[in-house]
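Colleague: Taken in sequence, the protein lines are chains B and C.
Converting from the first sequence to the numbering used here requires adding 1 to each position, the first position being numbered 1.
Converting from the second sequence to the numbering used here requires adding 1 to each position, the first position being numbered 1.
Bear in mind the hints are in silico, worked out from the structure with no lab data behind them.
Hints are not guaranteed to be accurate.
Since copy identity is lost for identical chains, a pair holds within one copy or between any two.
Said to hold, decoys possible - List of simulated lysine-lysine pairs, DSBU-like, C-alpha gap at most 30 angstroms:
1) LYS237 x LYS308
2) LYS129 x LYS80
3) LYS157 x LYS28
4) LYS28 x LYS57
5) LYS129 x LYS28
6) LYS226 x LYS326
7) LYS375 x LYS226
8) LYS57 x LYS326
9) LYS33 x LYS45
10) LYS375 x LYS128
11) LYS226 x LYS308
12) LYS237 x LYS349
13) LYS128 x LYS80
14) LYS349 x LYS157
Number of protein chains: 2
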Amino acid sequence: MQNFIFDNPTRIIFGQGMIARTGGEVKRFGTKVLLVYGQGSIKKNGIYDQVLTSLKEANLSVAEFSGVRSNPVLSHALKGIELAHSENIDVVLAVGGGSVIDTAKTIAAGVKADSGDDVWEFFTFKKKIRNALPVVTVVTVSASASEMNPTAVMTKEEGAQKFTISSPFIQPRASILDPTVLYSLSPDYSAFSAVDIIAHMLEGYFNNREPESPLQDRLVEGLMKTVMESTEVILKDPRHYNARANVMWSAILAFNGLTTAGMGFVSFPAHMIEHSLSALYDVAHGAGLSITLPGWMIYAVNKSPAKFARLGREIFGIEETDDLKAAVEGIDSLKRWFSTIGSPTSLKEAGIPEDDIGRIAENASATAAVWGMKAYTKEVISEILHLCKG
Amino acid sequence: MQNFIFDNPTRIIFGQGMIARTGGEVKRFGTKVLLVYGQGSIKKNGIYDQVLTSLKEANLSVAEFSGVRSNPVLSHALKGIELAHSENIDVVLAVGGGSVIDTAKTIAAGVKADSGDDVWEFFTFKKKIRNALPVVTVVTVSASASEMNPTAVMTKEEGAQKFTISSPFIQPRASILDPTVLYSLSPDYSAFSAVDIIAHMLEGYFNNREPESPLQDRLVEGLMKTVMESTEVILKDPRHYNARANVMWSAILAFNGLTTAGMGFVSFPAHMIEHSLSALYDVAHGAGLSITLPGWMIYAVNKSPAKFARLGREIFGIEETDDLKAAVEGIDSLKRWFSTIGSPTSLKEAGIPEDDIGRIAENASATAAVWGMKAYTKEVISEILHLCKG
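Work out the full structure, taking the sequences as your base and the hints as a guide.
Modeller: Shown next, in the form of structure tokens:
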């Protein structure tokens, strides 16, 4: 076990009917709320009305900032920061999935930055976040775990760079999760969510500094089994409460620091490469990960066949005794499972031309540099991308 | 999944060398510290010196309150409250195991109570804790998880009542855990710790309101396997860092709200009955639990044989296909494992006379009443105790 600090103070309010508590939670931090949301789906499925009713009952004054799209962009977040300044906002309320929550976090930190230029410097790690407005979330897509972690991801359109910030100041103070909210999530996005949750865990499972991690491995395997069986239920019955609830809570536990506590520095190569796919082609993050994760696994399998074999045996019941063979069977099984639930597993399936591999590798190597992943040169990334062709 | 709130803001600082951070953590909450500890073992194993050095480096003023014994008593905690008043204490620092931490929590709440009489009324749920001094802990025995939960257990000598309080105000703000501290823990107490950790989880596993809990069940099973295999290593090699670290972190995850989130109201019958054993006979809590838990399991097995069978199959690899038979085999296996590690599994082994069953049941039924466990009448408790005879 490596030394660690686990400090996760987000209050999770979980269950059917809990959105009615939004106003009460927000009110702990002030009276002027910036309500951040996406393209308006929350107006169709009734969540917007539930939230507004609760905010009004708590006598809060609300300014709205909508239009966040998936793979959110910095230029949009900067407009949110301006609005937050002009409305003298006390607290930022995100109602949405990871993109909306990450935009809210960026706004919360940006309001306390010296200038708009500084905000991107948070993402390039040139400047450190030293303060932020409090953030509260109502989750409508469960995958990123942004609702219970200190991280946000944002794309700068100029240069198509998709980078990350992490600071305790932007960690949500409270997050409200009602599984019935997920009933209207499409089969595609239900599948992409499952891929994202699994990818968060497997990156830590394979890329860490701790050679002996029976506890963390078991936590990952238990969560992964639960997400897989629940997703299979959801694709048949989108309104299955327990299956939606299991995914909603597993998504959080998969990436709130629990499964990586004690693992030392963890790196995220499949995410690093995927960020370039979604920055350059605007594919859904989960769809990109079902391409890059198996590709990366094939690239890496020879370095630790025993660990890859463990995954295959624990998750897919593979009985092969040779580690390398079991490992490869496991990777194949995972890839097949991603296909079964409807997530693409090759660049080709996602409509990304093979000829673009050089350009993607160029873009990803910039992320690798910022994330301190020296082993991932443009050449290595290119090699992995060739394993993602299909 | 039942509705739940998960709100666990304790900062965990984990690993070798981390005790040097004690002063820095304590200083966040004030300058006058009440240092609470037990019978002085921390002076023998060097932990006292490490803590004092760190407190001095942070320029903190320290008042000492020692002498906490296992199964801590209210009369002693009341003296600590007096001392905290007279020294005008800002923050309470517990250096010890569950008994010391629970005494520190009781003092922290008691300082803000109107009178000493009120303090016991917190435990009988007649009064509610409305404020407390901040608590910080340095853990020297890992079992109770008191270092990351809002609960404390205390015995009132008059009437031999062992009751519980729970309040967010007494939840530690920070807890420092260095696995090397456990190297000097005796084989007996290493075994009792394992029993306590497992019992915390199994009570929730069996006594909850949620019929379908694949995620929580897997978390429990993964933690339980880790605690069992690590304890076996520790009994052979008490200075095995990873085994001690796995137990230390598992103890927390076993009882910090994680494994019961979504399970609805959870009851603790084996703990309820054990409290009477330790209140009346001063047996170690873990030793008492290895007697009452298997007894309770035999009593309850017919009510949900499938769940008991699941435990037997997952933990002990039992292949029997009949649920009731597999369940009984599983209980036998658990009892045998408790014996193997050196924890008693019958009243007889603990030197408690069979003739006392009536008296124990009388005492336990008072706890059952306070804890709202109506089904556990004196007669039912007596029946369970007869199954604990050996």
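Colleague: Each hint needs a verdict: does it hold in this structure or not?
Modeller: Hints, verified against the model:
When the C-alpha separation of LYS237 and LYS308 is checked against a cutoff of 30 angstroms, the pair qualifies only between copies, where the shortest distance is 26 angstroms, while the shortest distance within a copy is 32 angstroms. In this assembly of identical chains, LYS129 and LYS80 lie within 30 angstroms of each other by CA distance solely inside one copy; the values are 21 angstroms within and 47 angstroms between copies. In the homo-oligomer, the alpha carbons of LYS157 and LYS28 never lie at most 30 angstroms apart, since the shortest distance is 33 angstroms inside one protomer and 41 angstroms across protomers. In this assembly of identical chains, LYS28 and LYS57 lie within 30 angstroms of each other by CA distance solely inside one copy; the values are 11 angstroms within and 40 angstroms between copies.
Taking CA atoms no more than 30 angstroms apart as the test, LYS129 paired with LYS28 passes in both settings, with 28 angstroms inside one copy and 24 angstroms between copies. Taking the shortest Cα distances, LYS226 and LYS326 sit within 30 angstroms of each other both inside one copy (22 angstroms) and across copies (27 angstroms). In the homo-oligomer, the alpha carbons of LYS375 and LYS226 never lie at most 30 angstroms apart, since the shortest distance is 33 angstroms inside one protomer and 37 angstroms across protomers. In this assembly of identical chains, LYS57 and LYS326 lie within 30 angstroms of each other by CA distance neither inside one copy nor across copies; the values are 60 angstroms within and 58 angstroms between.
For the homomeric pair LYS33 and LYS45, the shortest alpha-carbon distance inside one copy (25 angstroms) is at most 30 angstroms, but the shortest distance between copies (56 angstroms) is not. Taking CA atoms no more than 30 angstroms apart as the test, LYS375 paired with LYS128 passes inside one copy only; the shortest distance there is 21 angstroms, against 59 angstroms between copies. Both within a single protomer and between protomers do LYS226 and LYS308 lie at most 30 angstroms apart by alpha-carbon distance, with minima of 17 angstroms and 18 angstroms respectively. Taking the closest pair of Cα atoms, LYS237 and LYS349 come within 30 angstroms of each other only inside a single copy of the chain (27 angstroms); across copies the shortest separation is 55 angstroms, beyond that limit.
In this homomeric assembly, LYS128 and LYS80 come within 30 angstroms of each other (Cα to Cα) only inside a single copy, at 20 angstroms, whereas the closest approach across copies is 50 angstroms. In this assembly of identical chains, the alpha carbons of LYS349 and LYS157 lie at most 30 angstroms apart only when taken from the same copy (26 angstroms versus 71 angstroms across copies).
The structure shown violates the earlier hints numbered 3, 7, 8.
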